[in-house]
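Novice: Given the structure of chain U, go ahead and fit chain Y onto it with the hints provided.
Which chain is which? The protein sequence lines are U and Y, in order.
Throughout the first sequence, residue numbering follows UniProt numbering, covering 1 to 525 in sequence.
Throughout the second sequence, residue numbering follows UniProt numbering, covering 1 to 255 in sequence.
Because the hints were derived from the structure by calculation, they are not lab data.
Subject to a maximum C-alpha distance of 27 Å in a straight line, what follows is the list of computed BS3-like cross-link-like pairs (lysine-lysine): (1) Lys296(U) - Lys155(U); (2) Lys79(Y) - Lys95(U); (3) Lys384(U) - Lys134(U); (4) Lys163(Y) - Lys32(Y); (5) Lys61(U) - Lys46(U); (6) Lys333(U) - Lys79(Y).
Here are some chain Y residues pointing at chain U (derived, C-beta under 8 Å): (7) Thr77; (8) Asn115; (9) Thr118; (10) Glu119; (11) Arg120; (12) Gln123; (13) Leu152; (14) Ala153; (15) Trp154; (16) Leu155.
Positions of the beta carbon are idealized from the N, C-alpha and C atoms, including for glycine.
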Amino acid sequence: MDEGIELSLTIAQIIQRLRGSHLHSQIERQAKECLHQPDVKLESLKEDVRSFLKTSGWERKLQNAVYRELHIQLPPRHPPAPPEHLKEPLAYMRKAQASWEKRVLKSLNSMSTELGVPLAHMRPAAEQKELTNKWNEMGTDEPDLSRFRPVYAPKDFLEVLIGLRNPNHDSSEDISARSHWGLIQVPLNVRDIPHLREAYSELNLTSGQMGIDDHALIHPDLFENEYVQIGKKVVMEEDSAAAQQYSRQGCPTGLRADLWALILNATNQPQDVMHYEQLKAGVIQHNLLVDNLIYKDVKLTASNDDYYFVFEDFLYQVLLCFSRDTAVLEHFKYNSATPPKSYIQGKVGDEECAVVYPPNGVIPFHGFSMYVAPLCFLYNEPSKLYNVFREMYIRYFFRLHSISSHPSGILSLCLQFERLLQTHLPQLFYHLRQIGVQPLRLAFKWMVRAFSGYLSTDQLLLLWDRILGYDSLEVVAVLAAAVFAFRAENLMEVTSLASAEAVLADLSTLKVMPLIQVFLFATAM
Amino acid sequence: MAVITSCCVWQTGHSLQTSHLFFQTMTPDDTKPVNFTVKAPVYLQIGDTKADTAHSGVCVVDVNLPFGKPVNIEEVTFKNYYTAYVTVRLLRRNPEQEAPAKWCTALRDLPLMDNPHTERGSQDYYTIHRTQMQVEPDHVVCVRLILRQPSLAWLTFSLEDIKIFPHTEPDPEKEVSDWLSDLTLIDQHPDLEGLPDPQTVSSSIQQMWALTEVMQTNQTTASIGRFDVSETHSQPHLSCNECVHDGGDVMKFGR
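Okay, chain U solo, but in the shape it has when bound:
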């Protein structure tokens, strides 16, 4: 009986969200127009209209929209649970997230007062005109950004995660069978290899994988040709759920863009293009302080990267618009973070005079632009690139920089990485601790960026295929452990932090799928 109630609540929520959307009006219009068709009869009106919508592909579009809603839907709300419980059930984590946010805001505010730059101001008309002309080549601009510094870097965030403690956790026993050698001291549920083998069964040694079996030396008839044919069919069918399942074994390069757009249901409809144009107009009209942070971040990270420097202009076009997109505020319902608020002068505390700053509620940190950079290889149309990035952010990337107990949250990923290492490479972990190196300090920067900027692009995209296919970031933690397993011999010989860092400095030659496959399915238990 409970499952029935749960299902009808879920259905009601989804209907509520889709009602009044553009898809709804399109389907209504199609239904009205199909009445002119001869094979639609009055007696069997309902069935005929339904079958028309099915054959013309509209039912599939609706299915995809529902599937997308299921990805970001909150669990049906139990009556006594307050909304913050849905964001994050554990009270001490909410507190830690709130105090972290305060720190970040303080840093932003002090930067604003020190430099005398307002949080937002309107651009003068001449500047607006100039920006409109230079929209496609903002990278040529060389503004003076030396005074700006990133609001925080991943290593600051790591310190917060390390310091997280559950007040109800009994840590009086230092050495015990359960003692944990790593830095994360929060007992979250993380999966070990036997469970991962079940969950990631498509990555089995016996299944073909893009990234392994599409190698030049393997005859394409063995796997690749047939796999690409199936992929083409999936793209033609326009089915989100099928695309997601398909993506688990990887996407062929030529089909990846379409498949990812399907999985994320990022259809580039006219209203999406219009929305993007509105955001662009917002960028031209107003200058936000976070714009400078974005400029600085792109200049420091993506522009210096061999693979991504060519996309510098795209990155500005996407990230500046992203900062102004209030549609992103919706994801704060299930994000443990809360968007920062700014108040009209003199009315601090009055909720009616509160405004979210930046408009999308996300303050970029050092390395943020690397979430967008790999997508530039797939999409060259700005509004489509923007839609895909936004959807990926509100489904996955936000979890990498907020404190939460979610299984895909960065805290769970860190703990999972440490547990996997301690369980399956205990000698290595012990050795590293002996020389004063905590493995998490080496792997954290990879995980927080989902390996963007550390792997070569084709390998990174193969990894992100699996993130989309399994709807989870766990594979990032598995890869981090697999990298340590791969370089274990070298790491066992190092005697200092600097040399350990040197061993792990260059990941650009790694092939991710063999590493993950071997770690999950060929590790001795």
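Specialist: Okay, now just chain Y, sitting in the frame of chain U:
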């Protein structure tokens, strides 16, 4: 009598069909929970309580319902705080018979936490509905909740915010008008919180219509201010009109 168990044993799945989130079912929203007194939770120890400093793994919480007013329970809701399993026992007194009240087990070892050593489920909200209980929770005088937390990882465990909702019998005899009003009640289920009342929305839309009609007849050339930010203030702040921070579908007034 309450059961004393040793700390390290924890059971895995169990036969009663359970899921981790139970949902409030047909209870109308205005049902008030029953007023009751909760005695202080008693943590059980093996052996001499003074000498033994080991953590207790079992706790008993007695909920005494108002004297002389036995309750038919619809559902029990609570917020978990690191309890792994809960057993619900009821003291029922049959009003017709003169027999003394009897204890019975309504639910045995309901798992609240996936794994007693880890966080999942540790602070979640739960509901136990009468249909999930193995006996009919009618004429209940006292509810005893037996909490178990076999893991040594936690300093303490309990349940918070325990509420008991009484069962209301639907009226068997109904007038037609009652049925009609019941139909509109069903229309409002499931209650989606945070959504505006359709009546107010439609009346405000009508007002907006009237306004647009008025505006069309009184065209003005005065410009309407937009996102106006002051540069002269030393403190960072924003002042704005509401239209900028909408989802983007609102008419934008130009300068």
